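Undergrad: Could you put the whole structure together from the sequences, leaning on the hints where they help?
The chain contents come next:
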Amino acid sequence: MIIRKERVNDFLNGLRAGYRLYAPVQTQAGPVFAPVNGATGWSWPAGNTLKSAKEVFLPQTETLFTYRTSLDGVQVEEARVEGRVVLLGVRPCDARSLTMLDKVFAGEGVRDPYYTARRENTVVLGLACNEPCGTCFCTSLGGSPFGTAGCDLLWVDLGDRYLVRVLTDRGKALVEGRPEFAPAGDADLAAARELEEGALGRMGTVPVQGVKEKLDRLFADPLWDRVYEKCLGCGTCTYLCPTCHCFDLTDEVIDGLGVRLRTWDACMYPLFTLHASGHNPRPTQKERFRQRIMHKFKYFVDNFRETACVGCGRCIRYCPVNIDIRAVLAEISAG
Amino acid sequence: MGTTEKIREIAAGLLRDGKVDVVIGYGPGTLPLRSTPLFARTVEEAERLIWDATCGNNLAVYLPGRKDRVGIVVKGCDSRAVVQLIHENQIAREQVFVIGVPCAGIIDRRQVEAAVEREIRAAREEGAELVVEGDGWSRRFNREEVLYGACRTCRHNNPVLYDALAGEPLPPRDGGPTLVEIWEKKPAGERRDFILSEMARCIRCYACRNACPMCYCTECFVDSSTPRWLGRATDAGENLFFQIGRVLHLAGRCVACGACSRACPMDIKLGLLLGKMNKDVLELFGHEAGLNPEEPPALNAFRPDDPETFLLGK
Numbered sequence: 001m002i003i004r005k006e007r008v009n010d011f012l013n014g015l016r017a018g019y020r021l022y023a024p025v026q027t028q029a030g031p032v033f034a035p036v037n038g039a040t041g042w043s044w045p046a047g048n049t050l051k052s053a054k055e056v057f058l059p060q061t062e063t064l065f066t067y068r069t070s071l072d073g074v075q076v077e078e079a080r081v082e083g084r085v086v087l088l089g090v091r092p093c094d095a096r097s098l099t100m101l102d103k104v105f106a107g108e109g110v111r112d113p114y115y116t117a118r119r120e121n122t123v124v125l126g127l128a129c130n131e132p133c134g135t136c137f138c139t140s141l142g143g144s145p146f147g148t149a150g151c152d153l154l155w156v157d158l159g160d161r162y163l164v165r166v167l168t169d170r171g172k173a174l175v176e177g178r179p180e181f182a183p184a185g186d187a188d189l190a191a192a193r194e195l196e197e198g199a200l201g202r203m204g205t206v207p208v209q210g211v212k213e214k215l216d217r218l219f220a221d222p223l224w225d226r227v228y229e230k231c232l233g234c235g236t237c238t239y240l241c242p243t244c245h246c247f248d249l250t251d252e253v254i255d256g257l258g259v260r261l262r263t264w265d266a267c268m269y270p271l272f273t274l275h276a277s278g279h280n281p282r283p284t285q286k287e288r289f290r291q292r293i294m295h296k297f298k299y300f301v302d303n304f305r306e307t308a309c310v311g312c313g314r315c316i317r318y319c320p321v322n323i324d325i326r327a328v329l330a331e332i333s334a335g
Numbered sequence: 001m002g003t004t005e006k007i008r009e010i011a012a013g014l015l016r017d018g019k020v021d022v023v024i025g026y027g028p029g030t031l032p033l034r035s036t037p038l039f040a041r042t043v044e045e046a047e048r049l050i051w052d053a054t055c056g057n058n059l060a061v062y063l064p065g066r067k068d069r070v071g072i073v074v075k076g077c078d079s080r081a082v083v084q085l086i087h088e089n090q091i092a093r094e095q096v097f098v099i100g101v102p103c104a105g106i107i108d109r110r111q112v113e114a115a116v117e118r119e120i121r122a123a124r125e126e127g128a129e130l131v132v133e134g135d136g137w138s139r140r141f142n143r144e145e146v147l148y149g150a151c152r153t154c155r156h157n158n159p160v161l162y163d164a165l166a167g168e169p170l171p172p173r174d175g176g177p178t179l180v181e182i183w184e185k186k187p188a189g190e191r192r193d194f195i196l197s198e199m200a201r202c203i204r205c206y207a208c209r210n211a212c213p214m215c216y217c218t219e220c221f222v223d224s225s226t227p228r229w230l231g232r233a234t235d236a237g238e239n240l241f242f243q244i245g246r247v248l249h250l251a252g253r254c255v256a257c258g259a260c261s262r263a264c265p266m267d268i269k270l271g272l273l274l275g276k277m278n279k280d281v282l283e284l285f286g287h288e289a290g291l292n293p294e295e296p297p298a299l300n301a302f303r304p305d306d307p308e309t310f311l312l313g314k
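Same order as they appear, the protein sequences are chains A and B.
Sequential numbering of the first sequence, starting at 1, is according to my numbering.
Sequential numbering of the second sequence, starting at 1, is according to my numbering.
Calculated directly from the structure, the hints in this document are not laboratory data.
Keep in mind that this is a model prediction, so the values were computed, not measured.
Incorrect hints may have been included.
To be verified - The calculated lysine to aspartate or glutamate pairs, modelled on EDC-like cross-linking and capped at a C-alpha distance of 20 Å, are: (1) A:Lys-286 / B:Asp-68; (2) B:Lys-67 / A:Glu-6; (3) B:Lys-67 / A:Glu-229.
TA: Structural data, given as structure tokens:
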């Protein structure tokens with residue numbers, strides 16, 4: 001289907017009756033996903049958002065339930081996940097990361113009710129990347145700037161109009177019968193194909209072939225002594241990463257009123273694996289850095305047969321000491 | 001001989017003569033306008049050291065607790081951190097060979113990125129100009145105009161402590177009022193609103209803390225679980241509590257290098273809070289951290305005429 005740009009506003013206003021809208025909103029530091037009212041106050045970002053779309057499904061701070069303790073016992077009140085959402089302008093790498101988070105939080109066996117409810121309630125409107133950034137390497141990891149994994153709809157910017165690919169029933173329900181859309185013609189499809197080929201031609205490649213097999217036997221390799229050395233041990237890479245999903249659970253209680261919080265946590269922090277005994281199985285930054293690489297490129301593959309990196313490039317862009325995961329992967333490949 | 005060549009020569013000499021085990025300097029980054037810390041352990045590795053206006057990281061962050069002998073490349077601000085770390089017994093003076101670099105200021109890449117509004121694919125310095133290029137475009141900046149705010153008003157651009165100097169000392173700057181001096185004149189409500197809006201962005205990645213050479217506590221108060229000083233929720237209040245705790249802990253110790261602000265992925269103006277603290281310490285105790293290897297830090301010294309305005313009844 002096709003929607004002309006001047007009609008997008010009408011489409012979004014029509015959605016507001018049934019959905020809350022989230023879109024990339026510009027902040028001082030860069031765009032982040034936030035609630036919006038229709039078509040104003042936000043814009044499709046040129047590259048990617050600063051924070052990934054994961055925070056819409058796995059918020060950095062989330063109240064799981066509240067409770068009151070008294071002499072009569074404990075009363076628990078569960079936090080409820082809000083209604084239906086349309087998430088606008090998700091790049092294909094971020095959308096694909098949701099399919100990986102699904103394996104952890106909405107897979108066989110374990111179904112996290114909060115995450116699952118948000119996933120079921122949210123329509124992901126993807127936006128193809130006509131101009132991938134210099135730090136993008138999604139194609140090396142099985143993704144594509146025009147990839148559809150994790151999207152309910154994928155929009156392709158054709159200049160004065162968007163080509164709309166309908167990918168799921170949820171996506172179909174959003175656009176079906178809406179007067180703003182018209183059937184796509186051959187010229188539209190050809191224009192999108194040309195943009196896709198152009199985008200693919202701009203992608204950098206990173207040697208990830210065989211990295212898993214290398215990592216299977218590199219746990220005790222001296223390589224880690226070198227690659228971690230400049231790491232400061234902050235959580236920027238993990239917190240901006242669309243696939244990092246480790247969390248902490250804490251109870252915060254004041255005068256018998258308690259809140260159970262789920263908050264992001266990071267393998268980069270010493271406290272992450274500190275035992276109650278005082279022992280820490282990852283005592284230095286070397287072990288913590290290794291864990292981040294191992295989790296993405298080995299353990300996740302062991303568990304889910306997929307690499308937990310979508311090549312969005314955020315860790316490269318925002319690392320305060322310019323640790324470049326592409327260089328680390330190249331070193332592992334060569335190791 | 002350029003600064004880069006001079007650094008390489010000094011570093012290679014130190015490593016060849018076995019005077020140090022490692023030289024910590026800067027190497028080329030993988031992105032435009034970025035350099036990256038480089039740990040050179042051989043003469044060959046020393047050949048990869050560079051110096052340019054992207055060498056922003058304060059490498060003194062890698063010093064606390066080291067057991068080896070280390071050569072380190074420092075700017076004026078970084079050298080103050082080395083002095084302060086020696087004061088605080090985090091590294092021994094004889095353990096460190098300080099390679100000082102007179103610094104003409106570091107380029108604020110976010111400022112450049114915001115000005116061009118497009119992806120920068122390459123950047124280089126040409127004399128007093130910075131040239132940035134993207135796909136089919138290029139733009140020139142007056143280098144001086146795209147420096148970090150703290151660099152534009154820096155009064156300590158020459159290293160205060162060094163064993164070898166890579167380059168000629170530069171004239172000290174007098175860049176006019178600092179950001180703190182401008183900011184502290186604003187009404188209290190405006191300052192409070194600004195700080196809270198900055199803190200609301202914080203994602204508690206602790207890049208500020210970890211990039212800071214003075215934040216070397218084995219266990220930071222934010223990581224303490226018994227007792228838990230700080231809630232885990234990421235909201236403006238908890239975030240502000242973290243930053244206030246950090247700023248107070250750095251009283252009389254912050255060397256104003258700006259590493260915290262530069263490391264922050266959310267571009268939070270941390271330098272304002274720390275700058276204000278530094279200004280207060282200077283006005284109250286006449287002390288600036290890390291400037292003088294002979295002078296004890298403000299919190300280590302007591303003078304009978306120290307102001308005690310914090311005491312009740314004063």
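Undergrad: When you check the alpha-carbon spacing of Lys-67 of chain B and Glu-6 of chain A, does it fall within 20 Å?
TA: 65 Å, violated
Undergrad: Hinted pair, alpha-carbon criterion (20 Å max): Lys-286 of chain A, Asp-68 of chain B. Please report holds or violated.
TA: 17 Å, holds
Undergrad: Are Lys-67 of chain B and Glu-229 of chain A close enough, with their CA atoms no more than 20 Å apart?
TA: Status holds; Cα separation ~15 Å.
Taken one by one, the earlier hints fail for this structure only at number 2.
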